[in-house]
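Residue numbers (the numbering used here), protein chains in the order written: chain B, 367 to 832; chain P, 367 to 832; chain A, 367 to 832; chain Y, 367 to 832.
By construction, these hints were calculated from the structure, which means they are not laboratory data. Note that the coordinates shown come from a computational prediction; the quantities given were computed from them, not determined experimentally. Do not rely on the hints blindly, as some may be mistaken.
One copy or any two copies: either way a pair holds, since identical chains are not told apart in the list.
Derived pair list, reagent style DSSO-like, types lysine-lysine, alpha-carbon separation capped at 30 Å [stated by the list, open to error]:
#1 Lys703 with Lys603
#2 Lys579 with Lys703
#3 Lys781 with Lys515
#4 Lys708 with Lys559
#5 Lys673 with Lys742
#6 Lys708 with Lys385
#7 Lys742 with Lys385
#8 Lys781 with Lys579
#9 Lys579 with Lys731
#10 Lys766 with Lys703
#11 Lys703 with Lys673
#12 Lys493 with Lys468
#13 Lys603 with Lys515
#14 Lys493 with Lys782
#15 Lys413 with Lys493
#16 Lys514 with Lys468
#17 Lys782 with Lys579
#18 Lys468 with Lys598
#19 Lys673 with Lys385
#20 Lys742 with Lys607
#21 Lys579 with Lys673
#22 Lys603 with Lys468
#23 Lys579 with Lys493
#24 Lys517 with Lys607
#25 Lys703 with Lys517
Number of protein chains: 4
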Amino acid sequence: MLEPVINDKCGVFGIVGHKRAAELTYFGLYSLQHRGHESAGIVTSDKGRIHLHKGMGEVSHVFSNSENISRLSGRIAIGHTRYSTTGASSLINIQPFIITNKSRPLAIAHNGNLTNSLDLRNRLESKGAIFQTTSDTEIILHLVASSKKSKRIDQIADALNHARGAFSLVFMTEDSILAARDPHGFRPLAIGKMGRTWVVASETCAFDIIGAKYVRDVAPGEIIEITPAGIKSAFLKQKVKTASCIFEYIYFARPDSKVFGENVDKIRRRLGRMLAREHPVEADIVIGIPDSANTATLGYAEESGLKFEIGLIRNHYVGRTFIDPNQEIRDLDVKVKFNPVKGVLENRRVVVIDDSIVRGTTAQKLVKMIRNAGAKEVHFRISSPPIISPCFFGIDMPTKQELIASNMSVAQIEKKLGVDSLRYLSHDAMLSMSSLPDTSFCSSCFSGKYPLRIPKINGKSRLDKI
Amino acid sequence: MLEPVINDKCGVFGIVGHKRAAELTYFGLYSLQHRGHESAGIVTSDKGRIHLHKGMGEVSHVFSNSENISRLSGRIAIGHTRYSTTGASSLINIQPFIITNKSRPLAIAHNGNLTNSLDLRNRLESKGAIFQTTSDTEIILHLVASSKKSKRIDQIADALNHARGAFSLVFMTEDSILAARDPHGFRPLAIGKMGRTWVVASETCAFDIIGAKYVRDVAPGEIIEITPAGIKSAFLKQKVKTASCIFEYIYFARPDSKVFGENVDKIRRRLGRMLAREHPVEADIVIGIPDSANTATLGYAEESGLKFEIGLIRNHYVGRTFIDPNQEIRDLDVKVKFNPVKGVLENRRVVVIDDSIVRGTTAQKLVKMIRNAGAKEVHFRISSPPIISPCFFGIDMPTKQELIASNMSVAQIEKKLGVDSLRYLSHDAMLSMSSLPDTSFCSSCFSGKYPLRIPKINGKSRLDKI
Amino acid sequence: MLEPVINDKCGVFGIVGHKRAAELTYFGLYSLQHRGHESAGIVTSDKGRIHLHKGMGEVSHVFSNSENISRLSGRIAIGHTRYSTTGASSLINIQPFIITNKSRPLAIAHNGNLTNSLDLRNRLESKGAIFQTTSDTEIILHLVASSKKSKRIDQIADALNHARGAFSLVFMTEDSILAARDPHGFRPLAIGKMGRTWVVASETCAFDIIGAKYVRDVAPGEIIEITPAGIKSAFLKQKVKTASCIFEYIYFARPDSKVFGENVDKIRRRLGRMLAREHPVEADIVIGIPDSANTATLGYAEESGLKFEIGLIRNHYVGRTFIDPNQEIRDLDVKVKFNPVKGVLENRRVVVIDDSIVRGTTAQKLVKMIRNAGAKEVHFRISSPPIISPCFFGIDMPTKQELIASNMSVAQIEKKLGVDSLRYLSHDAMLSMSSLPDTSFCSSCFSGKYPLRIPKINGKSRLDKI
Amino acid sequence: MLEPVINDKCGVFGIVGHKRAAELTYFGLYSLQHRGHESAGIVTSDKGRIHLHKGMGEVSHVFSNSENISRLSGRIAIGHTRYSTTGASSLINIQPFIITNKSRPLAIAHNGNLTNSLDLRNRLESKGAIFQTTSDTEIILHLVASSKKSKRIDQIADALNHARGAFSLVFMTEDSILAARDPHGFRPLAIGKMGRTWVVASETCAFDIIGAKYVRDVAPGEIIEITPAGIKSAFLKQKVKTASCIFEYIYFARPDSKVFGENVDKIRRRLGRMLAREHPVEADIVIGIPDSANTATLGYAEESGLKFEIGLIRNHYVGRTFIDPNQEIRDLDVKVKFNPVKGVLENRRVVVIDDSIVRGTTAQKLVKMIRNAGAKEVHFRISSPPIISPCFFGIDMPTKQELIASNMSVAQIEKKLGVDSLRYLSHDAMLSMSSLPDTSFCSSCFSGKYPLRIPKINGKSRLDKI
């Protein structure tokens with residue numbers, strides 16, 4: 367069988383009521399590529415006539431020919447940008463998907479993962495449903511089609527009442543867009559406005575680039591329909607405690623975005639400050655792994671009083687470079703991304719801030735690189751707790767076996783990385799960083815405690831499987 | 367809504383039990399490109415693991431990278447080559463399609479058109495089915511999935527018992543291929559063998575290129591399943607008179623193929639001979655429009671005793687050349703395809719043989735070209751009757767309004783083309799060309815009499831619509 | 367060092383005084399692709415402003431984007447289409463070349479081969495010339511630049527007075543085109559007219575497609591300059607006997623072209639007739655290898671009274687298909703090009719006409735294919751004498767060692783091909799086919815007698831080297 | 367005529383004595399792309415056999431197919447990465463160039479601009495030289511070829527003794543590389559070593575990525591030849607005062623490189639410190655325009671005691687995005703590159719550090735962006751003096767007319783940008799930043815005083831022309 371595909375790490379965008387809908391979607395997707403840049407697609411409705419263009423590659427590659435945009439006429443559009451594995455088979459999984467049912471078109475763009483996809487798929491297949499992709503997003507379309515309701519918003523609500531897990535969704539009909547967020551509110555989804563034009567997007571940086579203003583988030587469990595006439599709102603039946611993904615704050619979202627109603631930048635700053643308070647160290651300078659740890663590093667520097675420095679330069683041209691497996695250039699994968707600044711590091715005791723450690727392989731190479739540049743001491747400080755458990759709600763993470771902190775103590779990791787000291791932010795400190803109540807977050811990757819049941823596969827826990 | 371797509375003009379191929387299944391499918395498709403060369407695809411099963419590659423363009427373009435073939439491991443494969451309109455939306459309609467239902471994969475390649483596709487689609491949609499393509503082939507997959515039977519062959523039989531119209535189909539499961547032909551037997555489908563390897567293909571020229579021998583046709587209404595162990599056969603319920611498409615003989619099939627059990631070349635030769643008998647003319651030479659009318663021209667020359675000549679050279683490099691709509695080169699579309707041989711035509715009374723006239727625009731330009739090359743007289747002889755009605759069974763034809771013979775008498779067409787005389791082969795003569803009984807053919811494009819009911823759309827006859 | 371490149375097998379085109387100069391050049395090149403279709407280029411002058419586009423691939427591929435043509439503004443253009451080996455290094459050899467010297471641009475397109483290129487290159491290099499391509503055409507540009515004359519036509523005459531061998535050249539300056547042919551007149555070059563627009567081309571088929579009329583050939587040793595005001599003519603100093611390439615008539619030119627003032631079609635017809643007279647055979651049918659031998663086959667059939675048949679179908683989609691070296695499909699290279707028509711060949715005694723045999727490998731496979739299709743006897747008849755010596759004047763041929771007729775007697779070849787009989791047209795008969803005096807042709811590939819001295823390389827004859 | 371091309375903004379690389387010479391060159395070029403990323407090329411010598419691959423696009427695009435590297439066998443290689451305008455005509459200007467003269471190959475890669483190129487070109491053309499590119503680099507090849515010396519190093523010295531202006535060059539012969547720097551030493555060129563392998567590169571960051579160690583710079587006026595046996599050095603005749611480009615330190619080089627023997631990072635830090643001393647301001651935070659002003663910003667923050675902040679996020683995916691000229695998204699060109707961090711800027715008095723202001727248009731948009739994000743005050747501080755005069759030595763700058771500081775006073779610019787204050791670093795302070803003597807730099811873009819005569823064109827100063 368074709369391999370199942372996980373829709374994690376995606377950006378979604380939707381717009382209603384602008385004559386350049388496709389072009390604005392293009393720029394919206396452009397700014398969301400940190401959430402996935404391996405494929406992109408835009409679909410528009412021009413008075414019920416549907417236009418689609420999608421393909422593998424970065425947004426600017428997929429739409430490199432300006433005709434590809436100008437063909438997409440219409441005042442309504444949705445778009446998707448996504449991380450995906452390569453290979454021809456993954457072509458079928460590029461979003462948005464479009465279906466027709468009962469002679470009416472429906473397009474969908476999805477960020478997140480359903481946790482009951484196997485159950486739903488089995489149930490649908492037993493009723494004769496056929497699946498043409500390997501994505502769980504297709505399940506939602508089948509559920510919408512099997513609803514007895516007549517209005518799209520009701521059909522979608524029907525469908526989503528069966529879905530469990532993480533979904534921030536944007537739909538397009540002939541004359542409207544709909545946006546929905548799962549009851550836990552795992553992944554972000556924001557509403558913006560620009561004149562009489564409504565937009566929705568995974569992050570508010572997509573509003574900034576086109577000049578739209580943030581209005582509010584789609585609420586957890588909310589489903590809205592936007593037409594040129596305005597917004598209509600409804601709610602899914604399931605009532606659960608909010609469990610917004612804390613990793614969006616730690617690493618995933620852009621610092622200039624507002625996510626779950628807070629500025630990502632401010633939160634990262636606080637994480638850095640708390641890290642300095644919990645784990646101070648005698649040193650000369652503090653540097654961050656660019657660019658994701660930059661803000662936390664500033665916070666650490668402020669709180670600790672250590673001198674902030676730029677010790678690693680990030681290569682702007684990190685494209686899909688081929689790395690010959692027989693290559694003799696040691697640690698080339700890290701070298702094509704970063705270069706140390708010797709003048710900064712030489713003979714210094716260096717605190718290095720990173721947002722998280724997953725497998726530990728990159729960290730190990732960076733430490734070596736920093737030492738080779740002459741650092742006297744290297745102290746790693748991580749602005750989040752150890753990652754010990756995989757994510758089932760839309761962040762691409764390796765299996766439990768591959769997570770270094772799941773298998774080693776901090777002392778062991780310290781030794782493996784070759785650092786003078788390694789410290790992580792505590793779980794409590796992390797949860798206190800936001801002005802929202804502690805319990806509103808999902809921090810399962812740090813705690814191993816999931817806000818909902820993860821079904822076993824073949825009698826085995828999926829912790830080891832995905 | 368997305369535009370509906372007609373799967374006419376296609377070539378299908380399937381193979382079981384060869385370690386180079388994908389490569390042989392490639393060459394099979396290669397030889398079937400006269401049936402459609404705008405997109406191509408191959409799917410293989412390697413012990414249940416499915417591999418797919420498809421794309422827009424000629425077969426050699428889609429598989430220009432030899433990796434694309436070598437990735438397609440497995441001893442079982444099916445392929446499709448197809449005519450289709452351009453535009454990104456048509457990407458979704460490139461065959462083979464693959465679905466999963468009840469955890470089992472099924473791939474399909476289709477040549478033909480269903481006539482009850484709207485009925486079926488409406489019925490399926492009302493039960494919640496979703497459609498991701500605009501092709502009627504997807505309907506068959508839904509019907510298969512909704513069968514209560516457990517074996518694929520029985521599910522497919524169930525599905526096809528609901529289908530009306532033309533279908534020559536090849537399916538692939540994890541470990542077998544299935545082939546089916548509609549009860550009228552509109553489109554061809556042949557079975558071949560090469561050692562222990564079984565193949566099926568639209569035409570036998572696909573067997574020749576890979577060295578397989580023709581065994582027999584899939585019978586009208588038959589459905590077969592081929593595994594490495596052998597062939598199993600079953601029949602659809604509907605019993606109707608055979609109505610094989612006579613246009614395959616007139617124009618569509620390759621002359622070196624055996625179609626409906628007879629050599630196409632021999633039949634075309636006979637058509638030319640009968641044309642000479644019915645419509646002799648005093649002239650110096652007889653020429654054909656290359657390459658489709660070559661064989662009928664030889665027959666006409668033999669029977670009439672007129673000298674066979676090559677009066678038009680066909681350009682080998684007719685690629686997708688851009689033709690500037692503002693171009694000032696008159697009749698450029700015909701000139702890039704053909705060039706007259708002046709030495710042959712000058713001062714001659716010329717009989718020109720063509721297989722058929724559809725709109726008449728190309729014929730008109732060719733006549734002018736032949737006259738400009740110095741021909742004294744031009745007598746057009748057509749090796750089939752006037753086309754007066756569109757096809758609903760898999761041949762791409764314009765609407766009744768656009769068919770010149772549907773709107774003009776032979777005398778009027780004669781005048782419009784600017785020929786000294788124009789004559790068509792009679793309907794009776796055409797039907798007598800094969801050794802098969804007259805009544806076994808569909809000649810509806812020549813007679814306007816369809817072997818089955820063509821549903822009206824919105825209360826109007828579809829004759830004017832498609 | 368980079369490998370030297372031979373500019374054989376090329377088509378050249380030039381046009382003066384048309385607002386769609388580039389577009390007409392495109393169609394001219396399009397019709398000349400039988401002379402080479404591996405790269406193409408067009409250069410225009412828009413009041414002295416030079417525009418160029420060139421690339422690897424067929425003409426329609428290189429100019430697939432209509433922008434590539436529309437960018438080429440100006441009323442003057444020249445173009446080139448060429449056979450070349452693949453590989454990035456050959457990019458530098460794609461013509462037309464453009465140079466600037468003394469602040470004035472000059473573009474060149476070349477069909478033919480210089481025989482004294484090594485001498486000239488050495489002499490130029492010793493004076494400090496640098497070479498950026500591996501093509502002998504660059505030498506001509508250096509010679510032009512080193513002329514002391516002030517007018518381009520005089521500079522070019524100066525340059526060409528030093529050149530030996532075959533050259534049919536088209537040059538473009540800011541405001542004119544120039545055309546020149548070597549004193550032997552090896553390769554064709556014709557002048558045409560269309561209203562007030564002048565054109566030159568390798569063959570007249572390029573005039574037909576754009577609607578121009580043939581005026582006359584550029585004479586051997588002539589050099590002409592065409593401006594919107596008209597044609598100016600001059601002659602090179604060297605006076606030698608004309609030696610037009612007879613192989614243009616045998617195989618290379620299109621049958622619908624006029625070459626060296628005669629219709630190619632008529633000459634091929636006569637070759638076929640003479641072949642029938644010299645080498646009759648008891649048989650049932652006569653077939654030709656399509657498409658190059660078609661006309662000679664008609665001549666043979668007429669003269670012999672044997673029935674003309676189409677026994678081999680040529681695949682229209684012969685693209686650059688990959689042929690896996692490990693492939694198990696026997697004789698695949700021939701099968702992708704041709705398919706036998708069994709109904710025609712079965713149980714027949716077949717005369718097969720071909721224009722020439724080079725290595726004999728394709729002929730051998732075709733014979734096998736024809737026998738497998740059921741032919742009782744196969745008699746090969748070649749409408750030219752045995753090829754025994756390579757060409758140094760612009761036809762791509764293998765070394766003497768690889769030429770089958772250079773190493774085997776006719777009886778031996780007969781046996782190797784597996785034919786019942788093999789006969790070649792006699793040298794005298796071949797030379798008598800034209801209305802021109804016998805001595806005006808170069809038939810060195812058939813006779814081994816070259817009309818000019820071929821310099822040795824490293825003390826060895828080049829017959830074995832190139 | 368074809369437009370002349372300026373080879374400014376280039377990176378060069380060369381390597382001798384490594385079996386993976388092409389691959390290491392690839393990574394060297396990869397790290398030099400900040401010096402130009404519009405085209406790239408690599409040429410290798412495999413025992414005298416030359417292999418070349420080059421094309422338009424980023425290094426990873428040009429060599430996206432790993433075959434393109436593996437084909438480039440040999441232990442000697444040079445490479446070039448370059449800024450260039452688009453369009454087919456620029457294909458001919460992609461470096462390295464390869465020529466053959468006297469049967470010996472020579473390849474060249476050039477960073478810089480000759481100032482006497484018109485003189486040299488006229489002189490060469492009058493002697494019959496032809497030019498196939500529009501690049502001044504081709505002149506050097508002609509000069510090499512016209513040398514009477516026999517050794518390449520002497521020929522190149524001969525050639526370069528005629529050249530004026532800026533040139534950091536890498537040549538490749540069959541068995542060696544040569545590197546040369548103009549007597550002023552305008553552009554950098556460094557020598558590195560890795561085991562027994564020698565490398566040269568524009569900047570030392572190219573050594574870091576492959577693991578080579580910096581040995582020394584090629585001295586101004588020096589020419590070296592490197593074979594596997596070692597380095598040979600010679601000097602050009604002209605003796606002039608060193609005039610290394612100070613703009614390499616200000617903006618162009620990577621901060622992690624050592625240029626002209628000093629760490630770029632350290633110098634930028636000092637520039638920032640001096641800027642703070644010269645132009646302090648009462649404010650809340652200091653931010654830099656990422657990434658080029660980052661280091662100077664740190665210096666300013668340290669010296670001033672103001673809080674360093676990250677106020678602008680740079681988009682990692684700034685690809686070649688199409689910007690519709692009719693677009694209605696205001697200041698889109700800046701928005702696709704940067705996004706302000708509102709949380710940082712809101713209600714703050716902000717010092718913004720940039721390295722330089724050229725036209726002022728981007729600065730103006732950034733100021734607006736920063737104000738829109740809520741900044742209370744915006745104080746621009748530039749870590750270099752006003753740019754008042756164009757560069758003729760290899761930095762791409764607009765004409766004097768377009769340079770904002772050439773036409774406006776600081777007060778006027780202040781007003782135009784809409785800042786509360788604008789201050790530039792003084793010329794003296796800038797020159798004092800290095801440990802090298804003041805007079806060893808070219809700071810003509812800041813002073814208008816050129817270290818050598820810039821020839822007039824058509825009697826007019828070129829200050830207004832280029």
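Consistency of the hints with the structure:
| no. | hint | result |
| --- | --- | --- |
| 1 | Lys703 with Lys603 | neither (46 Å within a copy, 42 Å between copies) |
| 2 | Lys579 with Lys703 | between (34 Å within a copy, 19 Å between copies) |
| 3 | Lys781 with Lys515 | neither (60 Å within a copy, 61 Å between copies) |
| 4 | Lys708 with Lys559 | between (47 Å within a copy, 18 Å between copies) |
| 5 | Lys673 with Lys742 | both (16 Å within a copy, 27 Å between copies) |
| 6 | Lys708 with Lys385 | between (52 Å within a copy, 29 Å between copies) |
| 7 | Lys742 with Lys385 | neither (59 Å within a copy, 35 Å between copies) |
| 8 | Lys781 with Lys579 | between (48 Å within a copy, 28 Å between copies) |
| 9 | Lys579 with Lys731 | between (42 Å within a copy, 19 Å between copies) |
| 10 | Lys766 with Lys703 | within (26 Å within a copy, 37 Å between copies) |
| 11 | Lys703 with Lys673 | both (24 Å within a copy, 28 Å between copies) |
| 12 | Lys493 with Lys468 | both (18 Å within a copy, 9 Å between copies) |
| 13 | Lys603 with Lys515 | within (16 Å within a copy, 37 Å between copies) |
| 14 | Lys493 with Lys782 | neither (52 Å within a copy, 59 Å between copies) |
| 15 | Lys413 with Lys493 | between (34 Å within a copy, 27 Å between copies) |
| 16 | Lys514 with Lys468 | both (12 Å within a copy, 23 Å between copies) |
| 17 | Lys782 with Lys579 | between (47 Å within a copy, 27 Å between copies) |
| 18 | Lys468 with Lys598 | within (23 Å within a copy, 37 Å between copies) |
| 19 | Lys673 with Lys385 | neither (50 Å within a copy, 44 Å between copies) |
| 20 | Lys742 with Lys607 | neither (48 Å within a copy, 40 Å between copies) |
| 21 | Lys579 with Lys673 | between (36 Å within a copy, 29 Å between copies) |
| 22 | Lys603 with Lys468 | both (26 Å within a copy, 29 Å between copies) |
| 23 | Lys579 with Lys493 | neither (45 Å within a copy, 42 Å between copies) |
| 24 | Lys517 with Lys607 | within (28 Å within a copy, 46 Å between copies) |
| 25 | Lys703 with Lys517 | neither (50 Å within a copy, 42 Å between copies) |
Hint check: violations occur at hints 1, 3, 7, 14, 19, 20, 23, 25; the rest are consistent with the structure.
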